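**Q** Here is what each chain is made of, one letter per residue.
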Amino acid sequence: MIGRLFSARLTWVALAILVIGATLPLYVTGYILGILTLAYYFGVFAMAWDLLFGFAGEVNFGPTFLVGLGAYTAGIINANWGWPMAACVLAGALMAVGGGVLLALPALKLKGPYFGLVTLVAVLLLQNFIVIFAGITGGEIGLTVPDVLFIDDAANYEFALGFMALSGAILFGLSRSPIGLILQASGQDAVETAALGFNVAKHKLAAFCVSAFFSGTAGALMIFYLGTASVGTVVDIAVGVQVIIAAVLGGRRTILGAAVGAIFLILAGEALRPLGELSTFVVSAVALAVILFFPNGFIGSLLRVGERS
Amino acid sequence: MLGLQILIDGFAISSLYALGATGFTLMFGVSGVLNLSHGSIMVAAAVAAWVIAGYLGGNPYLGALGGVGFGLIMAYATYFTVVRPIQRSKAIPKEETEIFVLTGTLLWGIMIQEAIAYFYTSNPKTVRPLVPGVFNFLGVRTPLNEVATAIICWAVIGLLWLLVNRTRSGKVLLAASINPRGVTLLGFELSSVYILVWTIYGILAGIAGVLLAMFLGVSSDGVGALTASAFSIVVLGGLGSVSGSLIAAYVVGYMETLTAYLISPAYRTIPVLLLLVLVVYIRPQGLLGRR
Numbered sequence: 009m010i011g012r013l014f015s016a017r018l019t020w021v022a023l024a025i026l027v028i029g030a031t032l033p034l035y036v037t038g039y040i041l042g043i044l045t046l047a048y049y050f051g052v053f054a055m056a057w058d059l060l061f062g063f064a065g066e067v068n069f070g071p072t073f074l075v076g077l078g079a080y081t082a083g084i085i086n087a088n089w090g091w092p093m094a095a096c097v098l099a100g101a102l103m104a105v106g107g108g109v110l111l112a113l114p115a116l117k118l119k120g121p122y123f124g125l126v127t128l129v130a131v132l133l134l135q136n137f138i139v140i141f142a143g144i145t146g147g148e149i150g151l152t153v154p155d156v157l158f159i160d161d162a163a164n165y166e167f168a169l170g171f172m173a174l175s176g177a178i179l180f181g182l183s184r185s186p187i188g189l190i191l192q193a194s195g196q197d198a199v200e201t202a203a204l205g206f207n208v209a210k211h212k213l214a215a216f217c218v219s220a221f222f223s224g225t226a227g228a229l230m231i232f233y234l235g236t237a238s239v240g241t242v243v244d245i246a247v248g249v250q251v252i253i254a255a256v257l258g259g260r261r262t263i264l265g266a267a268v269g270a271i272f273l274i275l276a277g278e279a280l281r282p283l284g285e286l287s288t289f290v291v292s293a294v295a296l297a298v299i300l301f302f303p304n305g306f307i308g309s310l311l312r313v314g315e316r317s
Numbered sequence: 002m003l004g005l006q007i008l009i010d011g012f013a014i015s016s017l018y019a020l021g022a023t024g025f026t027l028m029f030g031v032s033g034v035l036n037l038s039h040g041s042i043m044v045a046a047a048v049a050a051w052v053i054a055g056y057l058g059g060n061p062y063l064g065a066l067g068g069v070g071f072g073l074i075m076a077y078a079t080y081f082t083v084v085r086p087i088q089r090s091k092a093i094p095k096e097e098t099e100i101f102v103l104t105g106t107l108l109w110g111i112m113i114q115e116a117i118a119y120f121y122t123s124n125p126k127t128v129r130p131l132v133p134g135v136f137n138f139l140g141v142r143t144p145l146n147e148v149a150t151a152i153i154c155w156a157v158i159g160l161l162w163l164l165v166n167r168t169r170s171g172k173v174l175l176a177a178s179i180n181p182r183g184v185t186l187l188g189f190e191l192s193s194v195y196i197l198v199w200t201i202y203g204i205l206a207g208i209a210g211v212l213l214a215m216f217l218g219v220s221s222d223g224v225g226a227l228t229a230s231a232f233s234i235v236v237l238g239g240l241g242s243v244s245g246s247l248i249a250a251y252v253v254g255y256m257e258t259l260t261a262y263l264i265s266p267a268y269r270t271i272p273v274l275l276l277l278v279l280v281v282y283i284r285p286q287g288l289l290g291r292r
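Top to bottom, those sequences are chains C and Y.
Counting along the first sequence from 1, when you hit position 139 you're at 147 in our numbering, and nothing is skipped either side.
Counting along the second sequence from 1, when you hit position 229 you're at 230 in our numbering, and nothing is skipped either side.
Read the hints as simulated data drawn from the structure, not as lab findings.
Hints are supplied without guarantee of correctness; some may be wrong.
From the structure, some residues in chain C lie toward chain Y, with a derived Cβ separation under 8 Å [unchecked claim]:
(1) Thr-37
(2) Leu-125
(3) Val-256
(4) Glu-285
Covered stretches of chain Y (chain C as the covering partner; in silico rule of three or more C-beta atoms under 8 Å from a C-beta of chain C) [unchecked claim]:
(5) 51–57
(6) 103–110
(7) 131–145
(8) 159–166
(9) 212–220
Everything numeric in this text was worked out from a predicted model, so none of it was measured.
Even for Gly, the Cβ is constructed at its ideal location relative to N, Cα and C.
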């Protein structure tokens with residue numbers, strides 16, 4: 009009962025934050041809006057990852073495999089064939105879902121570190137192929153896309169915020185639905201879940217498809233915001249690591265925490281920019297400290313306190 | 002001639018891979034830890050060797066010794082500040098310890114990498130080889146350092162084999178990898194076994210790092226690639242199986258050398274990655290792994 013009250017309160021808190029967030033363009037500079045826009049797309053990557061890890065129990069080391077597939081598919085179609093943007097984003101999302109199914113096949117067979125390695129290899133292969141087929145993909149320099157989402161900073165910002173809010177609501181709702189519960193059960197004890205009559209394979213496959221859909225869409229939208237797609241922004245393992253850190257930092261198995269963690273990571277990286285090269289060191293150290301001392305993350309720890317009171 | 006060249010170069014690089022992966026797999030076998038700061042520890046040891054050799058007027062032996070010592074220190078630091086607190090934490094559920102160790106060591110590795118880049122830049126660093134000079138082997142110009150690398154790697158692996166199979170503490174180590182609970186019931190302290198395995202790991206990673214710096218050079222940017230190659234070798238050979246890793250190291254080393262020489266250096270890692278995916282699909286336990 010108290011838990012339900014708290015989650016209701018959580019909804020109000022989230023709504024309030026969203027409303028405040030939506031009014032930000034009125035009083036902050038375009039520079040900060042630009043950073044937050046990226047952070048919101050990043051938040052979607054992290055939330056999609058949390059659905060796989062926190063609920064389905066699959067350690068995906070390669071969130072950027074799905075993100076990169078979506079981003080590059082959309083970018084290549086737009087740059088080479090000039091399809092309209094919406095069609096490109098849709099194609100990117102569908103391609104990412106295809107990639108998600110490809111990843112789900114070994115996930116149903118393999119466990120723990122083995123599956124982790126497959127996802128890691130998937131990213132490395134994608135990265136290699138992008139560099140090798142530089143003629144189509146732009147290689148290491150990156151791919152310039154002709155179309156952009158909006159010219160105006162504020163419009164881009166509001167769009168990203170809306171996209172994150174919508175994705176967050178869908179993913180959060182899904183995680184709290186019976187499907188989320190079954191996913192959580194199959195992540196923790198697949199045999200028992202199957203014995204209770206639930207189709208573990210079907211649910212996990214669905215989780216992969218949903219996660220891939222949101223990762224791919226977010227990736228595609230992000231490159232239409234940036235105007236370029238490059239390995240360093242949507243495929244590189246370092247980006248994937250950041251997504252994982254964001255989700256664990258915000259609190260695994262909370263979905264919303266992942267977005268909070270992502271926004272925190274990007275803002276912290278930006279705030280520490282005067283430190284120069286040391287900023288990554290400090291951000292990693294803070295993330296490590298959170299993992300060691302508050303393993304439930306920001307939102308996870310808050311929820312714990314809320315349940316106890 | 003090209004064939005012989007590939008044979009020699011491939012052998013040297015494979016021996017180095019084997020040494021680098023042995024510590025990694027041993028640790029997984031005994032304590033179930035996959036240390037994702039592996040590459041960082043290797044590079045840290047190599048850079049320490051480079052710094053010490055630089056200060057001491059370029060004496061490569063002292064530098065190498067100091068580098069290995071620093072690798073050991075880094076291994077202990079990893080264990081005591083990251084791995085042990087996570088393993089002992091009450092707030093982390095047992096079934097999630099693995100992902101926390103992975104994330105924790107990953108972050109720790111990034112911290113080491115950034116610290117190296119900050120203090121000593123990310124430029125590639127080469128340490129002067131222990132054995133300078135080249136010799137002509139059936140018409141192939143071979144640096145003596147390559148031969149020395151292969152010999153040192155195999156000598157160290159041989160010593161490790163003696164330690165594990167012929168000494169008392171080594172046998173406890175072996176037993177702990179087979180059945181940790183049984184070892185505890187027999188009155189052995191598991192934590193001292195873990196410290197022993199981290200000691201061995203630190204020395205092996207240190208030697209591998211220093212040799213790598215003498216052979217190919219190291220850079221803090223290459224940390225991720227080093228960890229990834231150790232990880233793939235170990236999975237290919239079978240997690241926890243030392244002899245499997247040795248075979249896998251040669252498979253990987255030769256496949257990379259063949260691709261680099263015969264096709265193009267740009268495609269070097271691709272065949273290995275494809276093989277890895279194939280092996281993991283068909284035989285997830287790897288070449289010699291036990292389930």
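**Q** Would you pick out the hints that fail for this structure and give their numbers low to high?
**A** 1, 5, 7, 8, 9
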